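Trainee: What follows is each chain in one-letter form.
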Amino acid sequence: MDSGAWPALRVMLHVAFFLGVAFILRHILGMTRAEAARGPQGRPWWLPPLGLVALALPFVAVLAYQASWQLTGVFRPEFVAFMQSHDRREFNPAHLIQRGRILDHTGEVLAYSQEQGGKVSRIYPYGPAFAHAVGYTHPRFGVTGAEAASNIRLNGGAPDNLAAWGELGRHLLTKTKRLRGQDLVLNLDTRLQITALQGLGGRRGAVVMLRPRDGAILVLASAPTFDPNQIGPGLFLGEAPGKPLLNRATQGFYPPGSTFKVVLAAMAVESGFSGTLHCPAEGFTTSKRYPKIRDHEFYTGGRRWAGHGNLDLTTAFAESSNVFFAQLGVRLGHEAMADAAGRFGFDRQVRLYPGADRAGNMSTGRMPHFAAKDQYGVAQASIGQGRVLATPAHMALITAAVANGGLAMRPRLLADEPPAQLGQYMTPATAARVGRMMRKVVTSGTGKGIETPDLAIAGKTGTAENAHGPSHSWFVGFAPAQDPGLAVAVLVEHGGYGSATAAPIARDLLVQARDLGVIR
Amino acid sequence: MPPDLAQAWALRRPERVLLLWCLLCMAIGFALVLGSVHAEGRTLTGNDLLPLLSYALALVGVHLFLVLTRFRGDQLLVGAVAFLAGFGLLAQYRLGAFNGQDGLALYLFPGGVLVMLLAIGAFMGGRYRVLGSWPWVWGGLSLVLVAVLLVTGQRFRGGVYAAGLITPTEALKISVILFLTGYLARYGQALGDWGRRLYVPLPPWRPLWPLAAFWVTLTGLLLAQRDLGMVVILSLTLLVLLTAGTRRIGYLVYGLLAAGGLGYLVIEVFEHGQRRIEAWQDPFEDPTGDGWQILQGLSGMYSGGLWGEGFGQGSPGYTPIAGSDFVYSVVGEELGFVGCVLVLLFFLVIFARGLRIARHAADRTGMLLAGGVTAVLATQTFLNVGGVTKLVPLTGITLPFISHGGASLLTAFTALGLLLAVSDTATNSPRKSAQTQAGPRPKAKPRARTRAPAPAPVPLVDEPPDETEAGAVPHAAPKPAPRRKRAPKRAPAPEADGPD
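Protein sequence lines correspond, in order, to chains A and B. With this note's numbering, letter number 342 in the first sequence gets 718, and the count goes up by one each step, no holes. With this note's numbering, letter number 329 in the second sequence gets 330, and the count goes up by one each step, no holes.
Hint data in this document are derived by calculation from the structure and do not stem from the laboratory. These numbers were taken from a predicted model, which means no experiment stands behind them. All C-beta atoms, glycine included, are put in the ideal place defined by N, C-alpha and C.
For each label pair, taking beta carbons as the anchor points, the in silico distance ranges come out as:
1. B:G112 to A:A540: 52 to 60 Å
2. A:G542 to B:L12: 50 to 58 Å
3. A:R409 to B:L25: 17 to 25 Å
4. B:I268 to A:P501: 40 to 48 Å
Produce the complete structure using the sequences and hints provided.
Mentor: If you want it as structure tokens, here you go:
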């Protein structure tokens, strides 16, 4: 046989086979009809008996389910990933799918697919830097992060114009069309992300940077991290130290320490608090049974300290007086704490990508419910200790709300997702007042070490005591103070004073962002 | 009046047309396979045409046999099975089942056809009633078979097999149907007599307990062999036949409830089943291990898409055990979704004919036998096809007529032979409900006892006159006078429901 004619002949035979089968079925139908005409009248010939319908239903279910794999398998991302790496059939159309790239907002490539010898592999040029935000796709270990959230789109299963629909249709029907997935643009900024990780410098911690105006996430860094190019079982068996799979920025719960005073200050302003509170050197407690809450400066210098005396809100905030805020919290009461939990979005999941599963969400904080009698608990929570917890992303969100006139925008990673409001955390007037207080922290308070002449940074330091070792170092802030362009939260696990460790990282980031023109 | 040969020949013309078309389709299929083999560079020999030749000879043989015996049974069924069997032959040939050294594979299909013809010849003309006479013989045989296999069998892939990896438990599908048929023909009436305690309807215990004891023993033995698929097939058949034989939907309801509970227990207890369940629920958990087979099968189907590339064009070799359990995925790979739909349509034709034969069967035994065969084949098909497409967990069940496997093929052909034998004496109108025939039940509305004598075809073969009157039923309609010595068995007389 002439081998050149074979492909055409093959198609003809294929069609002829189907036609023959169809003819047999038609013949059978005709015979059924004739038989029904001969038998007793009553039921029309085309109406199958109930028993047959009941019997056919399971098979219809099989076909329907089968179609969800056989025809529209492209909508099953794990399946596509499996076929791309494990199916040796060269004609499998999954090999024709060109998974889209993932880019940052400047067009820097964060992930792309490479075909080599019929096998498709995913490359992450920046390796560990974006492991949590971009995620990874792996046939065995699944898909996470942005890769998971926009999986179908990256595989070309979510066409956005008529031509793309036609392409998808031809891919589904004839399996000949090379399906090209859409590129995904994230709001992340590669340069800032790398600066953030360098700032953490091998310490465990997290950095989150948002644009308060629209919620765009520019930095989402968590350390330690892992290399998405080299995923192995050891990573999942807990062999790696420091749980690198944990996204500390969105899922790490920490006592917020003094950064929580931002929340309390806003509550105090809104409740109409004015005047001063006496802050004795020996500290404050609600009952003799509990240790006194003191200002940590008490211990410094080795000599006896006279205490702050009478403090007003702004000064107490700038000096981060624990005694003041513990008293303030007790005055506001446990109901105010419950109110704050609701208004500032504690105990919630906020999605960072559209269609993300739970792992792609960010957790906010955890605010326990305080009983009326539990005044000491309220006092502890007022200075961000005790049972109140927050993720770095949540603290960044609260800071961004202060910078945006009290309005929190939904944090979002995908550039083409429209901005959306998340909630009004405080009134614009309160936000302006708290913003001025935060500016004073940097000009004359605990954060004055990071004051830079040409960028007005506002912020709040935090030093969170914890049961596992030295204090966690926090800094939340935004810049420029008058017209905030970026908000940032930095956490360094066991980093010591917030002013010493976290605050400089935040300053470097904000200054670089200004230099890069990200802050206009 | 037995028609002469010319009449019989004319009567089976539709079947002849069907068989010829089947042959044509298979010839096209073989051309496709041989062409792609040739295109790959292998030289073809005359031996490569042997399977097609055996298929053609088998079809001719079947048709001539049915004409010569004046068989009056279902013609559609013969055609549908001829197609599926030919399709299976094609698939097996394509998968290289005939490349092996043993020539056994070549004889398997004609052997299956021969067994089917033997069953038809032996039990047509109403002679199948003999099969329902000694239920406990079949019941005992079933238990002995499973027990012997349990003692002497060898373990392979988590199941128990006899020497040479054949699965003698396949024969259970026949023997258990025969047991149930006999048992229900005898005790169906008693089993339909439900009582009530505390407003809960309860089945009669006295006629039920031997059946229950048999079932517990059989299920226990099968579960000891990890043969979950067989348990499901047989249990579902039991429930269907119990319900059909007694007209009591309660058996189905209670049975499904019990099956749900038991199924949960079994899955909890058996590790083999558990691993399959896990691979079923999330094959991506371990894609290169437990999930490999099902995912490779699905990958192949995805490659096939809507139409497939044609027989011989796929690479089914990447799916483990493609020839037996996963043959459906090969169909999906090479003929696409459309091919799968066509194959399932033919299966549905078989089941529809089976249901019709059961509905129109001349007597209770025939109804139960046909219903049992249909239930077994339908359940088996569903478990296989559903397993391969990941709709239900894999049970290691073959696809009737298509999968590679001697025992499975022979069983399917035997069952089909029985079904055809029943169809030989089927009437032209549906049976009246078992209720009226089984005599009045308490609370049943009195019905008109007159039954119009249906225009029954004249019996073609000698049959024993077993017109034992069910005493409870007054027979008002005049029986059609016997035209000859042979009684018109086909007339809707109350048939023997066992010795009352």
